[in-house]
Amino acid sequence: MGGGDSAGRLVRPFTLTGGRTRPSRADFTLITTVTAADPQPQAAPRPQPEHTRILRLCAEPVAVAELAARLDLPVSVIVILLCDLLEAGRITVHPPHPVTRTTPDLDLLQKVRDGLGRL
Amino acid sequence: MAGSDTIARASTGRSAPDTVKILIAGGFGVGKTTMVGSVSEIVPLRTEEPLTMAGLDVDDLDGIEEKRATTVAMDFGRITVSDDLVLYLFGTPGQQRFWFMWNDLALGALGAVVLVDVRRPESSFAAIDFFERRGIPFVIAVNGFHGEHPYPAEDVREALTLPEGVPVLLCDARERESCRDVLVALIDRLIAEAVPAR
Numbered sequence: 001m002g003g004g005d006s007a008g009r010l011v012r013p014f015t016l017t018g019g020r021t022r023p024s025r026a027d028f029t030l031i032t033t034v035t036a037a038d039p040q041p042q043a044a045p046r047p048q049p050e051h052t053r054i055l056r057l058c059a060e061p062v063a064v065a066e067l068a069a070r071l072d073l074p075v076s077v078i079v080i081l082l083c084d085l086l087e088a089g090r091i092t093v094h095p096p097h098p099v100t101r102t103t104p105d106l107d108l109l110q111k112v113r114d115g116l117g118r119l
Numbered sequence: 001m002a003g004s005d006t007i008a009r010a011s012t013g014r015s016a017p018d019t020v021k022i023l024i025a026g027g028f029g030v031g032k033t034t035m036v037g038s039v040s041e042i043v044p045l046r047t048e049e050p051l052t053m054a055g056l057d058v059d060d061l062d063g064i065e066e067k068r069a070t071t072v073a074m075d076f077g078r079i080t081v082s083d084d085l086v087l088y089l090f091g092t093p094g095q096q097r098f099w100f101m102w103n104d105l106a107l108g109a110l111g112a113v114v115l116v117d118v119r120r121p122e123s124s125f126a127a128i129d130f131f132e133r134r135g136i137p138f139v140i141a142v143n144g145f146h147g148e149h150p151y152p153a154e155d156v157r158e159a160l161t162l163p164e165g166v167p168v169l170l171c172d173a174r175e176r177e178s179c180r181d182v183l184v185a186l187i188d189r190l191i192a193e194a195v196p197a198r
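Protein sequences, first through last, are from chains A and B. The end of the first sequence is residue 119 by the UniProt record's numbering, with every number in the run present. The end of the second sequence is residue 198 by the UniProt record's numbering, with every number in the run present.
Don't take every hint at face value.
[Claimed, not checked] Here are the computed distance ranges between Cβ atoms for each label pair: (1) A:Arg118 - B:Ala192: 32 to 38 Å; (2) A:Thr15 - B:Pro150: 51 to 57 Å; (3) B:Asp155 - A:Thr15: 50 to 56 Å; (4) A:Arg56 - B:Glu164: 48 to 54 Å.
Just so you know, the hints here were simulated from the structure itself, not pulled from any lab data. Every residue gets a Cβ at the ideal spot worked out from N, C-alpha and C, and that includes glycine.
Throw the hints in and build the complete structure from the sequences for me.
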């Protein structure tokens with residue numbers, strides 16, 4: 001991980017977002033799955049290089065946290081870039097499975113248990 | 001199984017899997033990333049978040065020259081449990097001052113594993129307290145140094161003053177089967193709690 005100029009590395013990501021530090025939408029979590037739209041919209045504005053890197057990585061469904069790790073960018077920066085892509089119609093978004101304490105999902109839990117049993 | 005139960009997705013045709021997460025918590029250096037790595041199907045990935053000064057105690061950063069360089073790192077792994085369900089394991093940041101990140105992390109988690117090092121159990125008190133207060137179900141996994149367990153689970157339970165019903169498991173975070181058993185114990189606890197709720 002550690003590059004030499006860590007301070008510089010940390011400041012720079014937000015230049016990718018045009019100085020924005022907050023997303024326009026709040027519905028991206030670490031395990032929200034994003035997928036590049038196929039085909040890509042013709043009318044949308046030309047994507048920036050970082051947007052293109054994200055699109056390449058999410059040709060198949062991929063979680064936000066994985067995008068951040070693979071592009072070596074903070075999640076907060078990835079989320080802002082994903083908002084741009086979503087607004088341009090370039091990605092589709094799949095929210096995580098909802099988890100509530102009041103109405104536990106037994107089928108889901110059993111599925112996880114079965115999957116772990118196969119490890 | 002192919003072709004069964006497919007969900008049509010308007011724009012892509014490829015269906016994204018459902019995702020869930022479990023947190024792996026505990027004190028600094030207790031073996032969280034080791035555990036994630038033992039069961040993950042990918043080499044654990046890391047994300048680093050730059051910290052803004054807002055919301056942090058000034059004391060915490062007093063005298064630190066390169067404030068801009070402060071980051072909080074988080075390691076995570078992945079287990080594909082079925083063709084339409086993926087489980088993510090997130091190691092929580094170990095240092096206490098990064099707790100505000102836990103709130104985000106804990107949101108929507110199935111539950112948590114709190115790793116304990118019996119040589120310094122107090123380093124995991126904070127994690128236990130965190131999940132207790134928020135009503136997030138957890139199990140205790142005692143990570144044996146070199147896989148050895150000098151104390152039985154009951155002694156550990158007493159030392160940690162755990163409430164009844166919190167499972168305590170002895171594990172070796174380096175071993176896949178051992179870590180899997182810990183995760184299964186957590187799911188079993190969740191299932192047990194879910195049944196009477198029906």
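Comparing the hints with the structure gives:
The hinted range of 32 to 38 Å is not satisfied by A:Arg118 and B:Ala192, whose Cβ atoms lie roughly 21 Å apart. Between A:Thr15 and B:Pro150 the CB atoms are about 53 Å apart, so this pair conforms to the stated range of 51 to 57 Å. Distance hint check: the CB atoms of B:Asp155 and A:Thr15 are about 54 Å apart, consistent with the given range 50 to 56 Å. The hinted range of 48 to 54 Å is satisfied by A:Arg56 and B:Glu164, whose Cβ atoms lie roughly 51 Å apart.
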